[in-house]
Amino acid sequence: MDSTITLFLLQDGLINGSIYALLAVAFVLLFAVTRIIFVAQGDFVAYGGLTFAALQQGSVPGSIWLLAGLGIIAGTLEFLRERRALTRPKVLGILAGDFVFPLTLTGVAILAAPQDMPYLFDMALALTLVVPMGPYIYRICFRPMASASVLVLLIASVGVHWLMIGLGLLFFGAEGYRAAPMFGANFALGPVPVSAQSLLVMGATLALLVGFYLFFGRTLAGKALMATAVNARGASLVGISPSFSGRTAFLMAAFVGAISGILIAPLTTLYYDSGFLIGLKGFVAAIVAGFASFPLAVAGAIAIGIAEAVSAFFASAFKEVIVFSLILPILIWRSIRAPHLEED
Amino acid sequence: MNTKSIPLLIALAALLAPYLPGVPLFWVSLLNFIGLAALVTLGLVVLTGVGGMTSFGQAAFVGISAYTTAVLSVKYGISPWLTLPVSILITTLAAFLIGLMTVRLSGHYLPLGTIAWGIAISYLFGNLEYLGRYNGISGVPPLSIGGVELIEGRQVYPVVWLFVTVAVIGTKNLLDSRAGRAMSVLRSGKTAAQAFGVNTTRTKLIVFVYAGVLAGLAGWLFAHIQRAVTPSAFGINAGIEYLLMAVVGGAGHVYGAIIGAAVVVLLKNQLQDILPLIFGQGGNFESIAFGALLILALIYARDGIWAAIDQRFSNRRRHINRDAKPLETAPAKQGDFALLKVEGLTKRFGGLVAVNGVGFEVKPGEILGLLGPNGAGKSTTFNLLTGVIPLTEGRIWIDGGRVDGKLPEEIAARGVARTFQHVKLAPEMSVLENVALGAHLRGRAGFVRGMLRLDREEEERIFAEAMRNLERTGLADDAFQLAGSLSLGASRMAEIARALCLAPNLLLLDEPAAGLRRFEKEELAKLLSSLRADGMGILLVEHDMEFVMGLTDRIVVLDFGTRIAEGTPTEIQRNPAVQEAYLGGVQ
Chain A
1 MDSTITLFLL QDGLINGSIY ALLAVAFVLL FAVTRIIFVA QGDFVAYGGL
51 TFAALQQGSV PGSIWLLAGL GIIAGTLEFL RERRALTRPK VLGILAGDFV
101 FPLTLTGVAI LAAPQDMPYL FDMALALTLV VPMGPYIYRI CFRPMASASV
151 LVLLIASVGV HWLMIGLGLL FFGAEGYRAA PMFGANFALG PVPVSAQSLL
201 VMGATLALLV GFYLFFGRTL AGKALMATAV NARGASLVGI SPSFSGRTAF
251 LMAAFVGAIS GILIAPLTTL YYDSGFLIGL KGFVAAIVAG FASFPLAVAG
301 AIAIGIAEAV SAFFASAFKE VIVFSLILPI LIWRSIRAPH LEED
Chain B
1 MNTKSIPLLI ALAALLAPYL PGVPLFWVSL LNFIGLAALV TLGLVVLTGV
51 GGMTSFGQAA FVGISAYTTA VLSVKYGISP WLTLPVSILI TTLAAFLIGL
101 MTVRLSGHYL PLGTIAWGIA ISYLFGNLEY LGRYNGISGV PPLSIGGVEL
151 IEGRQVYPVV WLFVTVAVIG TKNLLDSRAG RAMSVLRSGK TAAQAFGVNT
201 TRTKLIVFVY AGVLAGLAGW LFAHIQRAVT PSAFGINAGI EYLLMAVVGG
251 AGHVYGAIIG AAVVVLLKNQ LQDILPLIFG QGGNFESIAF GALLILALIY
301 ARDGIWAAID QRFSNRRRHI NRDAKPLETA PAKQGDFALL KVEGLTKRFG
351 GLVAVNGVGF EVKPGEILGL LGPNGAGKST TFNLLTGVIP LTEGRIWIDG
401 GRVDGKLPEE IAARGVARTF QHVKLAPEMS VLENVALGAH LRGRAGFVRG
451 MLRLDREEEE RIFAEAMRNL ERTGLADDAF QLAGSLSLGA SRMAEIARAL
501 CLAPNLLLLD EPAAGLRRFE KEELAKLLSS LRADGMGILL VEHDMEFVMG
551 LTDRIVVLDF GTRIAEGTPT EIQRNPAVQE AYLGGVQ
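Top to bottom, those sequences are chains A and B.
Per the numbering used here, the very first residue in the first sequence carries number 1; after that it's consecutive.
Per the numbering used here, the very first residue in the second sequence carries number 1; after that it's consecutive.
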């Protein structure tokens with residue numbers, strides 16, 4: 001293995017690692033705040049990337065129907081839940097947030113898709129179409145079982161994953177799509193060709209990670225989320241509603257997933273079910289971090305990206321086998337280091 | 001005709017259904033697939049619903065067994081009946097090795113671990129040249145009996161359902177046995193199981209291998225019925241489907257496995273026909289319906305279909321043979337010696353010294369009270385004595401033998417029984433079964449004897465002993481209730497009954513009077529006095545002054561982890577150091 005290959009693998013590993021790092025941060029965040037191990041996290045990557053690719057190609061992305069459907073279901077459930085205490089502002093709020101908002105977006109997408117819109121517009125539209133699904137999913141599926149065990153929540157998130165995969169096939173079809181890059185440029189870094197898009201991925205990852213850091217350190221909403229993560233009951237006693245935290249965490253997780261998908265869509269061909277494996281690797285990084293530490297999650301993600309690139313080079317058929325087998329020793333190490341004490 | 005035989009007749013009728021004229025072959029094949037899925041799900045019920053371990057990876061064991069028999073019969077031409085033991089052996093071995101790692105994972109790391117190896121193994125199937133990569137292995141020979149090849153669905157049907165029936169009976173037997181009780185309490189946590197001598201790691205491993213073997217049986221059948229193996233049948237999605245079956249049917253019930261398998265297989269089949277009509281194109285749309293079903297089941301019927309049926313028909317009563325020969329009891333030594341001796345007991349948590357050089361003794365026929373304000377280190381001391389947490393320094397002798405550094409189950413084996421400050425009974429088991437766990441160390445019947453029902457005599461003796469102790473603690477009327485339905489006071493008494501089932505020389509009680517009503521406390525005091533009269537040594541950690549003062553022979557007082565006083569109740573009441581610790585200093 002000469003230095004060119006080493007650099008090449010390193011670049012590959014860093015790009016994949018960046019995406020895994022973003023997803024790992026989302027996993028850690030969601031778990032800390034809601035105790036949900038959200039297996040469907042990766043599906044937002046596929047949804048984001050494929051919605052973006054569809055818009056670019058001038059076709060209406062099927063995911064708009066999911067957005068509209070989720071909004072209507074969430075709004076209807078909200079009406080049912082609040083039926084004894086409906087006030088005018090509440091009714092207007094639900095109508096605006098769960099009916100008007102998603103339906104307007106759906107309309108915008110239908111009108112805008114056939115037009116040749118600027119790259120950034122498509123990007124922003126794809127984000128606004130996919131990201132609100134996160135909070136809707138939380139409200140429909142997880143809020144009714146907020147008190148359930150981690151295990152039940154995990155199984156439920158598998159259910160969400162199945163739903164999203166099945167609908168993804170319906171919306172996007174079985175073919176894969178690759179989006180056009182934002183910058184077509186390539187340049188050489190020593191002997192290795194580097195695409196501008198891959199620098200964009202790494203730059204955006206870095207910016208997002210810094211953004212998270214500032215959000216949690218400097219803003220009230222970020223601190224409220226952290227408080228829920230540390231002690232949900234304590235946080236609710238000082239007036240931070242667990243439902244608010246849950247929705248915010250899902251909003252951020254969906255955002256991270258969708259933006260990751262949009263960023264890598266020009267670099268790799270995405271299929272409706274690509275998200276699962278990408279998500280799982282972010283998930284491995286989250287496990288490395290014990291679902292608790294953000295910096296460890298990032299470090300783990302980069303390490304996994306590189307391990308994957310190296311094993312893909314030497315034993316490409318066994319890439320997944322190697323990456324997933326590596327989880328077991330990590331899990332054992334985690335179990336020994338931080339045994340779950342039985343709740344008294 | 002009694003009501004008990006009705007379900008039996010229904011089951012019998014169902015078993016004969018495929019041979020009625022006019023039943024399409026297609027439905028018979030579906031029944032066969034239900035049987036295969038039920039075998040895997042049955043293992044998952046034992047693993048998840050009983051043992052508390054959720055596995056997303058059971059399909060991998062189905063695959064290991066299916067590939068083993070496919071390779072042996074296709075590449076080496078070995079007869080399917082001969083590959084059965086080999087397939088099961090290999091699956092057992094794989095389950096044992098994977099289980100060694102998996103059962104050590106704690107909390108939610110365990111299901112995550114099963115996802116990891118589930119995916120890794122399915123990718124392995126798909127990438128090994130030897131196993132035919134993604135094409136798998138085709139041309140697997142069918143089963144044959146006496147030269148007749150079992151090719152058609154109606155021919156395979158009896159074999160499949162014979163396997164299912166045997167597995168169901170064996171599993172039911174197992175769950176109603178000494179080993180089964182040890183498995184069942186695992187779900188509510190391992191501390192209580194360990195305190196009564198259950199080796200929890202070993203028990204979990206047995207449960208894991210058992211579930212793997214049932215999956216392996218299904219895999220062997222699958223290969224010879226389907227006549228081909230492909231990796232997609234054993235991927236993580238298949239693993240999740242089995243879990244779906246267990247959740248829908250009811251993960252805590254043997255019959256839940258069959259119902260869940262039936263619902264999911266039939267639904268999947270129907271959906272595959274209907275959904276493309278709705279969506280107008282081909283595809284894998286049943287995952288939409290399954291996803292929705294899973295979420296709805298978890299929101300509205302978390303215990304599954306069978307739980308709803310079970311509530312109507314379940315009968316937790318069992319016959320108690322009061323003439324059963326009593327379980328053997330080691331003769332208690334009487335006299336003036338220390339049953340429990342503690343010297344220099346110390347526990348540091350980082351820089352915090354929770355217990356600092358504490359020492360005391362408990363003699364036979366004596367009740368020693370361990371007293372102290374909140375945070376004095378009483379509970380830590382208790383946990384050190386019972387081996388739940390490791391000590392930093394110090395020595396502990398029980399009946400003259402050193403036990404510091406020993407595990408809870410080793411300490412239990414020396415005739416030490418305990419109760420818990422926060423009641424640890426398995427809520428979904430009957431009070432009687434919970435109490436019977438106390439006699440775990442006094443029985444011998446293992447896993448195999450339990451499955452084959454060779455343990456009936458011993459079981460009678462264990463349950464007679466459990467009933468005796470329930471009578472002694474005044475709970476005989478509640479014996480067949482669910483432990484989860486007991487009041488706090490009754491739960492504490494049930495814990496004492498369970499402890500007595502161990503026939504202990506030394507009884508350690510962690511705040512037994514907390515939450516008890518006045519008359520309950522009086523009953524408890526009477527019981528403890530009579531145990532003392534029988535020569536038992538009792539260590540009592542307690543907050544309730546009046547209770548301790550009236551009952552104990554001697555009292556040791558802790559404050560900030562240090563022993564500040566020891567003496568008779570009267571001496572302790574007059575002791576200025578104790579008064580200061582409890583009430584603050586006299587200004």
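Incorrect hints may appear among the rest.
Taking beta-carbon pairs under 7 Å as the criterion, some of the chain B residues facing chain A (in silico) [claimed, not checked]:
1) K75
2) G77
3) L294
4) I295
Looking from chain A toward chain B, a few residues come up when the C-beta cut is under 8 Å (computed) [as the list claims (entries may be wrong)]:
5) L105
6) L151
7) I155
8) V160
9) I302
10) A303
11) I306
12) A309
13) V310
14) F318
15) S325
16) L328
17) L331
18) S335
Now the in silico label distances, taken between C-beta atoms and shown as ranges [unchecked claim]:
19) B:G359 <-> A:R337: 28 to 36 Å
20) A:V108 <-> B:A308: 42 to 50 Å
21) A:S236 <-> B:L93: 46 to 54 Å
22) B:F560 <-> A:G93: 48 to 56 Å
23) B:Q311 <-> A:I73: 26 to 34 Å
24) B:T392 <-> A:S147: 33 to 41 Å
25) A:R88 <-> B:F560: 55 to 63 Å
26) A:A221 <-> B:K526: 40 to 48 Å
27) B:G375 <-> A:R337: 20 to 28 Å
Simulated from the structure, these hints should not be mistaken for laboratory data.
Glycine included, every Cβ here is placed at the ideal spot set by N, Cα and C.
field: Numbers of unmet hints, in rising order
entry: 1, 2, 5, 9, 10, 11, 12, 13 and 26
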